[in-house]
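With the sequences and hints as input, model every part of the structure.
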Amino acid sequence: MMEKKNDLLEVLKKATGALIGILSLALILSLGATYLFFFHKPSPKPVIAKQETAAPVAKVEAVAPKAENGTIDEETGFIIDAGWELAKTNCTNCHAATLVTQNRATREGWEGMIRWMQRTQKLWDLGENEAAILDYLAKNYAPENKGRRPNLTDVEWYELEGTK
Amino acid sequence: MNTRRSFLKKSFLGSQALVWGVPVVYGNEVPEKYPFVGKWLADPEMLPGKNAGLKVLGERPWNIETPPHLLDDKVTPADKIFVRNNGLMPETIDVAKWSLTINGESAKTTKSYSITELKNKFKAYTYQLTIECGGNGRAEFNPPAKGNQWEVGAVSCAKWTGVRLKDILMDVGIKDDAVYIGYYGKDVHLSKDPEKVVISRGVPIAKALEDETLVAWAMNGEDIPLANGHPLRLVMGGWPGSVSGKWLSTIAVRNVVHDGEKMGGDSYRVPCEAVAPGEVVPDENMCIIEGMPVKSIISYPKTGALIKVGQTLPVRGHAWAGDKSVKEVHVSPDFGATWQKADLEGPANRLAWQHFSAELKLPATGYYEIWAKATDSDGKSQPMVVPGWNPKGYLNNACHRIAVKVR
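Same order as they appear, the protein sequences are chains X and H.
Here the working numbering is used: the first residue of the first sequence is 1, the next is one more, and so on.
Here the working numbering is used: the first residue of the second sequence is 1, the next is one more, and so on.
Don't read these hints as lab results, they were simulated from the structure.
Any given hint might turn out to be false.
[Stated by the list, open to error] Using 20 Å as the maximum straight-line C-alpha spacing, the simulated SDA-like pairs for lysine to any residue come out as follows:
hint : chain 1 : residue 1 : chain 2 : residue 2
1    : X       : K164      : H       : T312
2    : H       : K123      : H       : K192
3    : H       : K192      : X       : A131
4    : H       : K302      : X       : K122
5    : H       : K308      : X       : K122
6    : H       : K405      : H       : E261
7    : X       : K164      : H       : P363
8    : X       : K122      : H       : N86
9    : X       : K164      : H       : N86
10   : H       : K392      : H       : E279
11   : H       : K302      : X       : N151
Here it is in structure tokens:
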């Protein structure tokens with residue numbers, strides 16, 4: 001009898017403990033939600049980020065609008081061509097897209113930049129995508145021979161006022 | 001800086017990329033530490049406080065250059081000073097709690113000063129100092145050099161107020177074996193890893209002890225703009241801007257050449273011995289850039305001026321020469337066939353740029369380019385073509401030119 005009572009007591013204790021646990025969790029979650037809803041200011045490290053990175057993404061591919069090769073991606077300025085999404089995904093997390101688009105290099109040159117970023121800037125292993133990214137960059141952002149001094153281009157002509 | 005609007009835009013882009021099903025490759029450590037959030041745009045808004053006419057090369061990190069016609073002021077105003085950031089600006093700055101620590105193996109002791117202590121303990125000086133990015137002019141190198149493609153406007157000459165670094169170093173005491181100083185600042189690495197130093201460069205002790213080497217808290221009589229180093233920075237005129245550490249928190253007095261971030265490899269170094277364009281240069285053959293070479297810009301008129309035949313073309317600008325002064329400036333309307341000597345003012349103080357002006361008679365209708373060429377106190381002039389190729393495209397001091405048509 002005593003044993004049974006003790007058992008019952010134990011069960012009750014455990015149930016109470018669990019209830020408190022659940023309630024605390026609910027409280028924390030609701031506080032968290034309240035915080036996010038009312039107080040969360042944009043920060044460079046949004047809370048949602050972790051989930052986004054971890055989420056499997058391959059399933060919803062059909063939604064992608066098909067941009068035409070040779071046009072420019074409005075968001076990044078990247079030239080649309082094979083591999084451009086890979087470049088966008090991997091090359092604009094830490095730095096501006098313009099740091100890519102203003103540069104010109106051979107495949108070896110781009111590879112050198114990737115290696116430098118991996119060595120010093122914490123760029124991750126690009127895995128099997130590296131070849132496609134390098135192909136994309138080498139094709140679309142290849143060096144042009146500028147000679148020793150290019151012509152002045154994009155001059156906007158205007159009447160100079162106040163001259164005698 | 002991080003406005004609600006840009007945040008929304010960025011997180012939208014982040015999720016959009018996910019919806020599109022871009023295959024994301026993440027290495028071992030990537031997902032948690034480097035959240036997939038920051039899509040940095042091709043056409044960012046101008047950094048608050050900067051003139052809308054400036055050119056944004058990138059917003060992460062902020063790199064912004066000033067077109068030459070916006071550098072016409074004799075003293076560059078805050079909104080027209082270029083920005084060259086290697087990392088992210090500090091998110092919070094408490095001026096009252098900010099401190100500068102002097103340490104290092106060649107400091108006799110370690111000392112820290114609040115900004116108020118710096119102001120109270122040492123005499124303040126104001127100098128107009130030319131700061132030019134080491135990579136100013138990189139865009140013209142051939143084959144192209146990697147990095148921000150600066151044209152001509154990564155240069156400024158503002159009035160800086162602060163205390164002499166040498167007064168602070170004398171107060172701390174430096175050992176006889178001191179050869180270099182290296183700075184540390186409070187900027188944040190692009191990867192957001194707090195362990196990683198963004199940039200920590202320095203100068204030989206002789207440069208550190210010059211009268212004009214300042215630990216500055218004010219620019220043009222006001223707080224330094226955030227992007228330019230508020231609340232405290234080093235200012236050393238005539239050397240690559242990267243020696244003038246921003247958001248300054250520590251200066252180490254070193255008994256070796258400072259070995260901080262961006263002191264080695266291709267960073268701010270050029271081949272000790274000239275190389276052919278495109279050549280691979282081993283690390284041991286690279287030398288640290290010190291004084292910048294002689295250079296000038298035409299700040300008036302803006303390129304593209306149309307004038308009538310018979311009118312005189314007024315031309316003006318600034319010239320500077322690293323640690324030296326500018327002896328002469330010449331301008332040419334005919335690609336260097338003839339040169340006309342410009343009027344040249346002396347510098348406001350050592351290491352300040354000098355102003356030149358000239359009146360040009362253009363003989364006939366047609367297309368002209370006006371070229372400016374400065375000569376330093378040692379008799380060295382600017383080249384008309386892009387000089388010594390180097391892997392990272394530093395020190396392009398080729399003559400600046402503008403296009404003019406006479407009708």
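Each hint, compared with the structure:
Only pairs whose Cα atoms come within 20 Å are accepted, and K164 (chain X) paired with T312 (chain H) is accepted, the gap being roughly 6 Å. For the suggested pair K123 (chain H) and K192 (chain H), the alpha carbons sit about 37 Å apart, so the restraint of at most 20 Å is broken. Distance hint between K192 (chain H) and A131 (chain X) is unfulfilled; the C-alpha atoms sit about 27 Å from each other, more than 20 Å. Between K302 (chain H) and K122 (chain X), the direct Cα distance comes to roughly 42 Å. Violation of the 20 Å bound is thereby established for this hinted pair.
Among the hinted pairs, K308 (chain H) with K122 (chain X) is inconsistent with the structure: their alpha-carbon atoms are about 57 Å apart, more than 20 Å. For the given pair, K405 (chain H) sits about 47 Å from E261 (chain H) by alpha-carbon distance, which is inconsistent with the 20 Å threshold. Taking the CA atoms of K164 (chain X) and P363 (chain H), the gap is near 14 Å; set against the 20 Å cutoff, the hint holds. The straight-line distance between the Cα atoms of K122 (chain X) and N86 (chain H) is roughly 14 Å, inside the 20 Å bound, and the hint therefore holds.
As the CA atoms of K164 (chain X) and N86 (chain H) are separated by approximately 46 Å, the hinted pair breaks the 20 Å bound. The straight-line distance between the Cα atoms of K392 (chain H) and E279 (chain H) is roughly 12 Å, inside the 20 Å bound, and the hint therefore holds. Our distance criterion of 20 Å between C-alpha atoms is met by K302 (chain H) and N151 (chain X), whose separation comes to about 17 Å.
When each numbered hint is compared with the structure, violations occur for hints 2, 3, 4, 5, 6 and 9.
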